[in-house]
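Take a look at the letters that make up each chain.
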Amino acid sequence: MSIFRLLAGLIFVWCITLGPSLATAQVQDDAAQALLQRLVEASNAERTAVLKQISESGDERARGWLEAFSAGKLATVKESGTTVVVLNNVGRNWTVASALNGEELGKVSRRALATVRVNNSLRSEVEGLLAVIDLTAANPDVRLAAARDLLGEVDGALVAQIEQRAQVDDNSAVRDMLATALAIHRLEQGDVSAVETLSGSLNAKARAALNNASNSDDPALAAAAAQALESIEQKLKMNRAAETLYFGLSLGSVLVLAAIGLAITFGVMGVINMAHGELIMLGAYTTWGMQQLFPGQPGLALILSIPAGFLVAALAGIAIERSVIQYLKGRPLETLLATFGISLILQQLVRTLVSPLNRSVVTPDWMSGSIMINEALSLTLNRLYVIGFALVVFAGLMLIMRKTRLGLEVRAVTQNRAMARSMGIKATKVDILTFALGSGVAGLAGVALSQITNVGPNLGQNYIIDSFMVVVFGGVGNLWGTLVAGLTLGTINQVLEPWAGAVLAKIMVLVMIILFIQKRPKGLFPQKGRAAEG
Amino acid sequence: MASSQTWLFRPFQERSTQIFLGVLFSALVLVTFLHLFMPQDSALHVSAYTVTLLGKYLCYALLAVAVDLVWGYLGILSLGHGAFFALGGYAMGMYLMRQIGDRGTYGDPLLPDFMVFLNWQELPWYWLGFDMAWFAFIMVLLAPGLLALVFGFLAFRSRVTGVYLSIITQALTFALMLAFFRNEMGFGGNNGLTDFRDILGFNLRSDATRLGLFIATGVALAIGYVICRGIVTSKLGRVSIACRDAEARTRFLGYRVERVQLFVFVVSAMLAGVAGALYVPQVGIINPSEFSPLFSIEIVVWVALGGRATLYGAVIGAILVNYAKTVFTGVMPDAWLFALGALFVLVTVFLPKGIAGLLQKDRKANANDDAPAAQEATA
Amino acid sequence: MSMFEQLTNRERVFEFLEPAQSPVDVRHGPILYMEDVNVSFDGFHAINNLNLTIDDGELRCIIGPNGAGKTTMMDIITGKTRPDNGSVWFGSRHNLLTMNEPEIASLGIGRKFQKPTVFEALTVFENLELAMATNKGIWPTLTAILKPEHRDRIGEVLETIKLEPLCNKPAGILSHGQKQWLEIGMLLMQKPRLLLVDEPVAGMTEQEMERTAELLTSLAGKQSVVVVEHDMGFVRSIARKVTVLHQGSVLAEGTMDQVSNDPEVIKVYLGEEA
Numbered sequence: 014m015s016i017f018r019l020l021a022g023l024i025f026v027w028c029i030t031l032g033p034s035l036a037t038a039q040v041q042d043d044a045a046q047a048l049l050q051r052l053v054e055a056s057n058a059e060r061t062a063v064l065k066q067i068s069e070s071g072d073e074r075a076r077g078w079l080e081a082f083s084a085g086k087l088a089t090v091k092e093s094g095t096t097v098v099v100l101n102n103v104g105r106n107w108t109v110a111s112a113l114n115g116e117e118l119g120k121v122s123r124r125a126l127a128t129v130r131v132n133n134s135l136r137s138e139v140e141g142l143l144a145v146i147d148l149t150a151a152n153p154d155v156r157l158a159a160a161r162d163l164l165g166e167v168d169g170a171l172v173a174q175i176e177q178r179a180q181v182d183d184n185s186a187v188r189d190m191l192a193t194a195l196a197i198h199r200l201e202q203g204d205v206s207a208v209e210t211l212s213g214s215l216n217a218k219a220r221a222a223l224n225n226a227s228n229s230d231d232p233a234l235a236a237a238a239a240q241a242l243e244s245i246e247q248k249l250k251m252n253r254a255a256e257t258l259y260f261g262l263s264l265g266s267v268l269v270l271a272a273i274g275l276a277i278t279f280g281v282m283g284v285i286n287m288a289h290g291e292l293i294m295l296g297a298y299t300t301w302g303m304q305q306l307f308p309g310q311p312g313l314a315l316i317l318s319i320p321a322g323f324l325v326a327a328l329a330g331i332a333i334e335r336s337v338i339q340y341l342k343g344r345p346l347e348t349l350l351a352t353f354g355i356s357l358i359l360q361q362l363v364r365t366l367v368s369p370l371n372r373s374v375v376t377p378d379w380m381s382g383s384i385m386i387n388e389a390l391s392l393t394l395n396r397l398y399v400i401g402f403a404l405v406v407f408a409g410l411m412l413i414m415r416k417t418r419l420g421l422e423v424r425a426v427t428q429n430r431a432m433a434r435s436m437g438i439k440a441t442k443v444d445i446l447t448f449a450l451g452s453g454v455a456g457l458a459g460v461a462l463s464q465i466t467n468v469g470p471n472l473g474q475n476y477i478i479d480s481f482m483v484v485v486f487g488g489v490g491n492l493w494g495t496l497v498a499g500l501t502l503g504t505i506n507q508v509l510e511p512w513a514g515a516v517l518a519k520i521m522v523l524v525m526i527i528l529f530i531q532k533r534p535k536g537l538f539p540q541k542g543r544a545a546e547g
Numbered sequence: 012m013a014s015s016q017t018w019l020f021r022p023f024q025e026r027s028t029q030i031f032l033g034v035l036f037s038a039l040v041l042v043t044f045l046h047l048f049m050p051q052d053s054a055l056h057v058s059a060y061t062v063t064l065l066g067k068y069l070c071y072a073l074l075a076v077a078v079d080l081v082w083g084y085l086g087i088l089s090l091g092h093g094a095f096f097a098l099g100g101y102a103m104g105m106y107l108m109r110q111i112g113d114r115g116t117y118g119d120p121l122l123p124d125f126m127v128f129l130n131w132q133e134l135p136w137y138w139l140g141f142d143m144a145w146f147a148f149i150m151v152l153l154a155p156g157l158l159a160l161v162f163g164f165l166a167f168r169s170r171v172t173g174v175y176l177s178i179i180t181q182a183l184t185f186a187l188m189l190a191f192f193r194n195e196m197g198f199g200g201n202n203g204l205t206d207f208r209d210i211l212g213f214n215l216r217s218d219a220t221r222l223g224l225f226i227a228t229g230v231a232l233a234i235g236y237v238i239c240r241g242i243v244t245s246k247l248g249r250v251s252i253a254c255r256d257a258e259a260r261t262r263f264l265g266y267r268v269e270r271v272q273l274f275v276f277v278v279s280a281m282l283a284g285v286a287g288a289l290y291v292p293q294v295g296i297i298n299p300s301e302f303s304p305l306f307s308i309e310i311v312v313w314v315a316l317g318g319r320a321t322l323y324g325a326v327i328g329a330i331l332v333n334y335a336k337t338v339f340t341g342v343m344p345d346a347w348l349f350a351l352g353a354l355f356v357l358v359t360v361f362l363p364k365g366i367a368g369l370l371q372k373d374r375k376a377n378a379n380d381d382a383p384a385a386q387e388a389t390a
Numbered sequence: 557m558s559m560f561e562q563l564t565n566r567e568r569v570f571e572f573l574e575p576a577q578s579p580v581d582v583r584h585g586p587i588l589y590m591e592d593v594n595v596s597f598d599g600f601h602a603i604n605n606l607n608l609t610i611d612d613g614e615l616r617c618i619i620g621p622n623g624a625g626k627t628t629m630m631d632i633i634t635g636k637t638r639p640d641n642g643s644v645w646f647g648s649r650h651n652l653l654t655m656n657e658p659e660i661a662s663l664g665i666g667r668k669f670q671k672p673t674v675f676e677a678l679t680v681f682e683n684l685e686l687a688m689a690t691n692k693g694i695w696p697t698l699t700a701i702l703k704p705e706h707r708d709r710i711g712e713v714l715e716t717i718k719l720e721p722l723c724n725k726p727a728g729i730l731s732h733g734q735k736q737w738l739e740i741g742m743l744l745m746q747k748p749r750l751l752l753v754d755e756p757v758a759g760m761t762e763q764e765m766e767r768t769a770e771l772l773t774s775l776a777g778k779q780s781v782v783v784v785e786h787d788m789g790f791v792r793s794i795a796r797k798v799t800v801l802h803q804g805s806v807l808a809e810g811t812m813d814q815v816s817n818d819p820e821v822i823k824v825y826l827g828e829e830a
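Chains as they are written, first to last, in this note's numbering: chain A, 14 to 547; chain B, 12 to 390; chain C, 557 to 830.
Please note that the accuracy of each hint is not assured.
Taking lysine-lysine pairs in the DSBU-like style, the calculated list, with each CA pair at most 35 Å apart, reads [unchecked claim]:
#1 B:Lys372 with C:Lys703
#2 A:Lys439 with A:Lys218
#3 C:Lys703 with B:Lys364
#4 C:Lys703 with C:Lys797
#5 C:Lys718 with B:Lys372
#6 A:Lys342 with A:Lys532
#7 A:Lys439 with B:Lys67
#8 C:Lys823 with B:Lys364
#9 A:Lys342 with C:Lys703
#10 C:Lys725 with C:Lys703
#11 A:Lys439 with C:Lys778
#12 B:Lys364 with A:Lys342
#13 C:Lys725 with A:Lys342
#14 C:Lys718 with A:Lys442
#15 C:Lys671 with A:Lys342
#16 A:Lys532 with A:Lys519
#17 A:Lys519 with B:Lys372
Non-contacting residues of chain C with respect to chain B, defined by C-beta distances greater than 10 Å in every case (computed) [what the hints assert, rightly or not]:
#18 His584
#19 Glu657
#20 Ser662
#21 Thr673
#22 Glu676
#23 Ala677
#24 Thr697
#25 Thr699
#26 Gln746
#27 Val806
These are calculated hints, taken from the structure and not from any lab test. As the structure is a prediction and not an experimental result, all values here were calculated from the model. Even for Gly, the Cβ is constructed at its ideal location relative to N, Cα and C.
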């Protein structure tokens, strides 16, 4: 019963919401048809007015028409008289679509079509109209983008129109943008008062205009512009610093992700796992694999990759621990060599089984794009997600090591293996679990990395040295140290990069670490304790 | 065995040195004979190509001996010896480059081709002097030696040892690789230095020069081996082992552990540099890939396979692995990395003492009381 | 202490009688002097205002429960651990806090570790050879040749530590007790002015222990010996003066009888043993 009632209700709602909109669409179509008809039939002189009417009609399709018109792709089918847009004008038969509803009408012989003629003066007319047409769009984002396009492009013909829009628009960002556009125009005309409007703007075009003005012959204008430029420069510097910091943190969090698993296997267990990078690679390939399993749903695949990547890498880690590392206990250098061998095998395995080439991993929509803080500063979303992910992983690991039974046992076994065993802790089991945990985290790092870098057989190799550096720099066996060291190194790298170049910055960071170890051989946060040898 | 009159002759009194030098010189003579006096179509004829290939193996062998000196006897696992090898190689490459003179593609009498290509106007200062052989040959020792000195000084002073040192040496060679990849460094960037013409006036493409280089490499290996054996059999060698096994104890005995480490490390780096210098004219190119961490760690596995702390084991390992590499990359190139990876794992897990360990075991089984008696005699 | 007392001090060892050419200056007082030394690891005070004076030629036993700071104290003297503050002087001329381990070792301070640390890959003979007091620079070591007098010296020590038959065996095959002896032998080769001996009799048989006691007492007088030991019987057999460490500072000092009757000491240490 209730279902019926619900259905009835839904239908009712649908009727009252959709009904009128259908009706208005009909009305619009009629009006639009009439406008197009006039455009086709009018003389060139009259067309200017018609074009203007079209652009002011507020019709969403107006832009398409104007663009088609200006490109000479607006036509009427001679027989039926319907107005169409030519989609493809190559060959004898042209593909056309209805101008009103965009429906494809298939191929029509060139001869059966009458193209609406256009000349250069009309074309420039249309260009001006196109520039402002989106200013009337319903979506404020579209309006803002349109307003941005106007910066530096305003000419006398448009001023009145823009001024009018600048007053009526209900979105402050759009209004500001339009004001900036107008001010740039006024500045170009030599109006000193425009400087004031522009002085706070971070927009590149505004800056360019000010720059031009500062070289102008009018000393008052030049001085005012120069001053405004200086204050902008100041602001830009701040923004650039913020951007560098953001990139630094983002690179840093990548390093933290890559290194934190190592901080567990190397720092806590004392096992040198040179195949750690390849575990990261496995995580990244898992993401790729999941996306192959769920084509068209990159978001879902990515989310599923988080547990899957962890599992794959953790299982690989267990296999490595059981097959090799357990036999090399207490021989760190041999462990290093053996695990390096494993890393070679894993790399070659991926090359053979998947491909020696990079695979592309799709970034889901909700992760692409960026948040714009202001004109000069925008934060890319994928990096923001990686920073967040790194912090979550770090917090999770901290919790595991500090608050769980496993963490307690791990710490017990690493501090005194014999004692821990005599207290009933299964050291072997703890070894396996710890190694699996560290490896799994490497897999997580791989999942994250797949979103910001190429996924290829060499992915891990590129991170292994950096990861070790982070662990050594932070102080072995200290997760906090790894966090601080990773973020610090990332930031330093980004600070150095602009003036030293990427390669040199990397070299400088390596040299810095080597020198740093001089001062503090045990890293930022050394583990203190009574001398182990006695 | 006679008691040691002076430390200079000490290495030659070791049985293993005598055997090693004997085998090495016989091999040199044999190859030379087979190359020169066997008719081309004979199955026993050794082609110029093979001579150069063998010369390359001998370079690797010298490099492996250098690594064994620091790893086997001092316990320092250097994952950056490729850097010293490459620096020696670059020093030689720069000399060979300057020898080309105006015979390059662009015919510039002073600038190497790649600099002309990059529109450089003048020779960078660090290229000066490399037109003189003696200067270049000194730099072959000095460049890697200085790097080892500075790096070792910093590392050993702050007591960075064990895996930390290994990782830092790896970072070192990685950083150098990145640096040498840059065109602005003035070492030919990606492509490195190549298209050499002649060395000391001899045409590098002639068979006679190739044979000469092969013999020179053999002699260098012999000298390097004797130097290492000399260090190892001296009291300093025993101190090295002491540093390796109980660093703190050695320090409390009054030895400056960091100086011992530094000395041996620098000697080893110089030997690696010589190996690199002899390698370059034989393969005809030096590029940044010699700096790659993979190459450096490969050297270590040669030594591991041959057997650490034996010196001759390093030679055996280097030749075996590189022979295998030649065969593999010819027959099935994809399998080589699998084989190499497996070698890393198998040697460390199942053959920690390497091939030399197997040999020693055999010898011990054969003559059980022989070894202690010999030791008593030396003591 | 007046100059006169200094000169007439029975313990005073004249230059020509000294076993090694140690530059230590003991004319103005004790051979080792530690004052107000503090060390803490992560907030844990391992050494707490430690004051300790060792006279030249003295045999001193240091006892104390686990964690009393005995090994840390030795680490400080030998330069392995740097204290947070305080001063440590070797004789009246050498500030040990400004020196590193090899410098301190070549000044004439020898140390035996708690866990016997010998070079297992080297023979017993070679172990002693390395410990021998000679120029330990790089070049002299590289070109060193074993002279007959060196061999004799090694032979003497081998005899003392009863390891002659094993002289050419690698030290790795020695038993725990033998390693202890070898390490003591290495100390003897160093000819130090001050011997720091950490638990010398751990793992030794009764008989070996007796010989160790004999050896250490015979060294005293010529050299200063500081022994850290847990074995009370052993301490009683050799000790003239005993220092009790507790929580990083000196709890009591005196003869064995004095300290074993000290109520504080009984409370924290001996009481538990009994």
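Going down the list of hints, with the structure as the test:
1. Between B:Lys372 and C:Lys703 the alpha-carbon distance is near 33 Å, which keeps this suggested pair within the 35 Å criterion.
2. At most 35 Å may separate the alpha-carbon atoms for a hinted pair to count; A:Lys439 and A:Lys218 exceed this at roughly 67 Å.
3. For the proposed pair C:Lys703 and B:Lys364, the alpha carbon gap of about 34 Å is at most 35 Å, so the pair holds.
4. About 40 Å separates the Cα atoms of C:Lys703 and C:Lys797, which puts this hinted pair outside 35 Å; it is violated.
5. Among the hinted pairs, C:Lys718 with B:Lys372 is consistent with the structure: their alpha-carbon atoms are about 30 Å apart, no more than 35 Å.
6. Proposed proximity of A:Lys342 and A:Lys532 is supported: the alpha carbons are some 30 Å apart, at most 35 Å.
7. The hinted pair formed by A:Lys439 and B:Lys67 fails the criterion: a straight-line CA distance of about 51 Å is larger than 35 Å.
8. Under the criterion of a C-alpha separation no larger than 35 Å, the hint pairing C:Lys823 with B:Lys364 is inconsistent with the structure, at around 54 Å.
9. For the hint linking A:Lys342 to C:Lys703, the alpha-carbon distance of about 43 Å lies beyond 35 Å, and the restraint is violated.
10. Proposed proximity of C:Lys725 and C:Lys703 is supported: the alpha carbons are some 21 Å apart, at most 35 Å.
11. Straight-line distance between C-alpha atoms of A:Lys439 and C:Lys778 comes to about 53 Å, which puts the hinted pair past the 35 Å bound.
12. Taken as a hint, the B:Lys364 and A:Lys342 pair is honoured in the structure, with Cα atoms around 16 Å apart against an allowance of 35 Å.
13. A distance of roughly 27 Å separates the Cα atoms of C:Lys725 and A:Lys342; the hinted pair therefore holds under the 35 Å criterion.
14. Straight-line distance between C-alpha atoms of C:Lys718 and A:Lys442 comes to about 46 Å, which puts the hinted pair past the 35 Å bound.
15. For the hint linking C:Lys671 to A:Lys342, the alpha-carbon distance of about 21 Å falls within 35 Å, and the restraint holds.
16. With a C-alpha separation of about 20 Å, the suggested pair A:Lys532 and A:Lys519 falls inside the 35 Å cut-off, and the hint holds.
17. Between the alpha carbons of A:Lys519 and B:Lys372 the distance comes to roughly 47 Å, so the proposed pair goes past 35 Å and is violated.
18. Every C-beta of chain B lies more than 10 Å from that of C:His584, the closest at about 25 Å, which supports listing it as non-interface.
19. Against the 10 Å criterion, C:Glu657 falls within the reach of chain B, whose nearest CB is about 4 Å from its own CB.
20. Look at C:Ser662: its CB is around 4 Å from the nearest CB on chain B, not clear of 10 Å, so calling it non-interface is violated.
21. Consistency note on C:Thr673: stated as away from chain B, yet its beta-carbon is not over 10 Å from all of that chain's, at 4 Å minimum.
22. Some Cβ of chain B comes within 10 Å of the Cβ of C:Glu676; the nearest lies about 6 Å off, and the non-interface call is violated.
23. Here C:Ala677 does not stay apart from chain B, with its beta-carbon only about 5 Å from theirs, under the 10 Å limit.
24. Once the 10 Å rule is applied to beta carbons, C:Thr697 is inconsistent with being away from chain B; the minimum gap is 4 Å.
25. Listed as outside the interface, C:Thr699 is inconsistent with that label: its C-beta sits roughly 5 Å from the nearest C-beta of chain B, within the 10 Å cut-off.
26. Its closest Cβ contact with chain B, about 7 Å, brings C:Gln746 to no more than 10 Å, contrary to its assignment away from the interface.
27. Look at C:Val806: its CB is around 25 Å from the nearest CB on chain B, clear of 10 Å, so calling it non-interface holds up.
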